[in-house]
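Colleague: Throw the hints in and build the complete structure from the sequences for me.
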Amino acid sequence: MSAVLTRDIVKKFGEAPAVNGISLTVPDGEFMVLLGPSGCGKTTYLRIICGLEKQTSGDLLIGGDIVNDIPPRARGVAMMFQSYGLYPHFTVRNNIAFPLRTQGVPRDEIEKKVQWASQLLGINHLLDRRPRQLSGGERQRVALARALVREPTALLLDEPLSNLDAKLRTSARQEIKNFQQRVGLTTIYVTHDQVEAMGMGDRIAVIDHGQIRQVGTPIEIYNDPADLFVATFVGSPPMNIVTHNGGGYLGFRPENFLPKEMMNGGGFTEFSFRVDRSEYLGSERIVYGVTDGFESKQPITAKLPPAHVAEQNIRPGEWHPFGVKNSALREFDKDGKRANRH
Amino acid sequence: MVAIADSVPKPASRFRFIFDRRDVLGSLMVAPAILYVLLLVGVPFLMAVYYSVSAYTIYDPSWSFVGLSNFEDIIEDPSFRQTLYNTFIFTFGSQTLGLILGKFGALLLLRPFPGRKLVRALIILPWVVPVALATVAWQWMFDSLYSVINWTMIALGFITRDEAPNWLGTPELAMLSVIVVNAWRFFPFAIVIFLAGITAIPQDILDAATVDGAGFWRRNYQIILPMILPIMAVGLIFGIVFTFTDLSIVFLMTQGGPIGATSVLGFAGFQTGIVSGDVSHGAAISVFMLPVLLIVVVAMLRFIRRREI
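Each protein sequence line maps, in turn, to chains P and R.
Going by this note's numbering, the first residue of the first sequence is number 17, and it counts up by one from there.
Going by this note's numbering, the first residue of the second sequence is number 4, and it counts up by one from there.
Just so you know, these hints were derived from the structure itself, not from any lab.
Heads up, a few of these hints could be off.
Here are the computed distance ranges between Cβ atoms for each label pair [to be verified]:
#1 P:ASP75 - R:GLU175: 56 to 62 Å
#2 R:ILE162 - P:LYS70: 45 to 51 Å
#3 P:ILE302 - R:VAL33: 55 to 61 Å
#4 R:ALA199 - P:GLN190: 40 to 46 Å
#5 R:LEU304 - P:GLN190: 46 to 52 Å
#6 R:PHE107 - P:LYS70: 22 to 28 Å
#7 P:GLN227 - R:LEU304: 51 to 57 Å
#8 R:ALA124 - P:LYS70: 30 to 36 Å
#9 P:ALA90 - R:PHE107: 26 to 32 Å
#10 R:TRP220 - P:SER252: 45 to 51 Å
#11 P:ALA90 - R:ALA199: 55 to 61 Å
#12 P:PRO87 - R:ILE162: 39 to 45 Å
#13 R:PHE22 - P:SER252: 53 to 59 Å
#14 R:VAL300 - P:LYS128: 42 to 48 Å
C-beta: ideal position from N, C-alpha, C; glycine also.
Modeller: In structure tokens, the structure reads:
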């Protein structure tokens, strides 16, 4: 287990940079999530760390050593792929044993480790099956066991849950996280799913166009987005952004945008809100509309607790007084960067 | 709506929907193929089998049944045993060489380089050039006097003019020559098979193997090769069947010579049955291929089924 550190990594395919100067430190044992839209360079960055791609420039350090020119097999990192990449002609046992065999580990040692890894993931009853005889969740565990069996310096996961159905994804998310905490493995997890990122990451690095927009804990990312991209990429529905002070922007989360009478105490800013449409989702109600005097490219949304909102306060087609606590307002300058960051 | 005239209901024909019936239409569609196989494969095959147990020659076209005596005759003939042995050497030699060339060719053609598409198109040439033309060209290359191979080796100083091998005049070298020519014909097909197999392997699996610590050789022999083995075996079945029954290269290059060193079953059957007119013995030689090929093909198909992943 080692820290992973990158310094100004650039990767160009032809002229276009896929990764455009990423510097990131992942301390030993941390669960770091790389979050970004598809095509933002996060997978390329991960492939550079494990050595499947060579960076155009920049340094990569694993455990304090520069490994720029060290081939993948000597880096000691393990990677789990989106489609798992299990070897279809091997049994589960041989799949898990493969990384050990490439290292020339003695036979009885391999057997011991395979037992250990399969026990850890609860797949010891599957050892003699082939990958095609397994369900999606079982395949995912086998892939994880294969990644862990040689006790890697770092574990890289490339959207490992995207092939599972929604229900399985929730439990698998929990499992991976628990497991990572138990083993204390430095983990870099790539995803475009903000729920996975928020729920699993010790820290999140939000990436767009090959550059890091913000690195921080889930709370920091959500409450103190560094720029408009992070503000609108994280959160569902995303942060409301309105133009403000001629050129600047004002942002507020939908759940902080409430009818005026729910503003109990403290300074708040009042908006006149015309409700166009509302969706009742059981635990919440999403209301869409426009605000008077503020321009926005997207409809303004409010996320309201259904039990506490009077029907007359959100009647469609009418203007209602709404408010946002001043502490929940976020200001951005005209370049989209945070203005009043504290 | 106003009806201008009552439409007269047509009496429903029993055959109105006849082509909507799967069994009728299906049988109709498959009939030409079945007829084709029966007439052009089944009948000649049965005739060959009958000739092989009859005393039929072109001088005495009798259909009299002689049992297995033709087979006894040819098995006792040492030149037939030589031919059978040659056929195995010819088949497995050229298949092995073709597969090796095919594997290397496929690996080379997988990597992008300028002009790859052109090379991929040209590489098919040996396979599509008429075998008669190609063989004549090879014959010149192996010629005892004008061999460009010998000329090159002499020019490079590997051998002197006195040591220049007589490719088609020495038994071992003649066999090597026909094997090389057949492998040359077969390897584009092998390349296509390998390319199809290798490109069908998901990139994630190859990447996983790389990250798991496998270098080039291990990736090739523990991941790629086992995964393409089934499709390779299918290609090999084709190669073996076509080579085992082939007579064209031997016929054009060596006429089975020198002293029967390159005679193969197809050629011997043709010589005995057609050229010499001893149809029954020629048929017996040809029919002899059947059990051999049957065993090989069944064994390989079983292997493929077991390997299926």
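Colleague: Cβ-Cβ distance between TRP220 of chain R and SER252 of chain P: within 45 to 51 Å?
Modeller: 49 Å, holds
Colleague: Is 56 to 62 Å right for how far apart the beta carbons of ASP75 of chain P and GLU175 of chain R are?
Modeller: 60 Å, holds
Colleague: Is 26 to 32 Å right for how far apart the beta carbons of ALA90 of chain P and PHE107 of chain R are?
Modeller: 27 Å, holds
Colleague: Check the following: the C-beta atoms of PHE107 of chain R and LYS70 of chain P are separated by a distance inside 22 to 28 Å.
Modeller: About 26 Å separates the Cβ atoms of PHE107 of chain R and LYS70 of chain P, which means 22 to 28 Å holds.
Colleague: So does GLN227 of chain P sit 51 to 57 Å from LEU304 of chain R, Cβ to Cβ?
Modeller: 56 Å, holds
Colleague: 55 to 61 Å was suggested as the range; check whether the CB atoms of ALA90 of chain P and ALA199 of chain R agree with it.
Modeller: 33 Å, violated
Colleague: Okay, ALA124 of chain R versus LYS70 of chain P on CB: inside 30 to 36 Å?
Modeller: Roughly 32 Å apart at Cβ, these two residues keep to the hinted range, so it holds.
Colleague: Is 42 to 48 Å right for how far apart the beta carbons of VAL300 of chain R and LYS128 of chain P are?
Modeller: 44 Å, holds
Colleague: Could one say that the CB atoms of ILE302 of chain P and VAL33 of chain R fall in the range 55 to 61 Å?
Modeller: With Cβ atoms ~60 Å apart, the hint holds.
Colleague: Given the hint of 53 to 59 Å, check if PHE22 of chain R and SER252 of chain P actually sit that far apart at their C-beta atoms.
Modeller: 56 Å, holds
Colleague: Does the hinted range 40 to 46 Å hold for ALA199 of chain R and GLN190 of chain P at CB?
Modeller: 42 Å, holds
Colleague: Is it true that the C-beta distance of LEU304 of chain R to GLN190 of chain P lies inside 46 to 52 Å, as the hint says?
Modeller: 47 Å, holds
Taken one by one, the earlier hints fail for this structure only at number 11.
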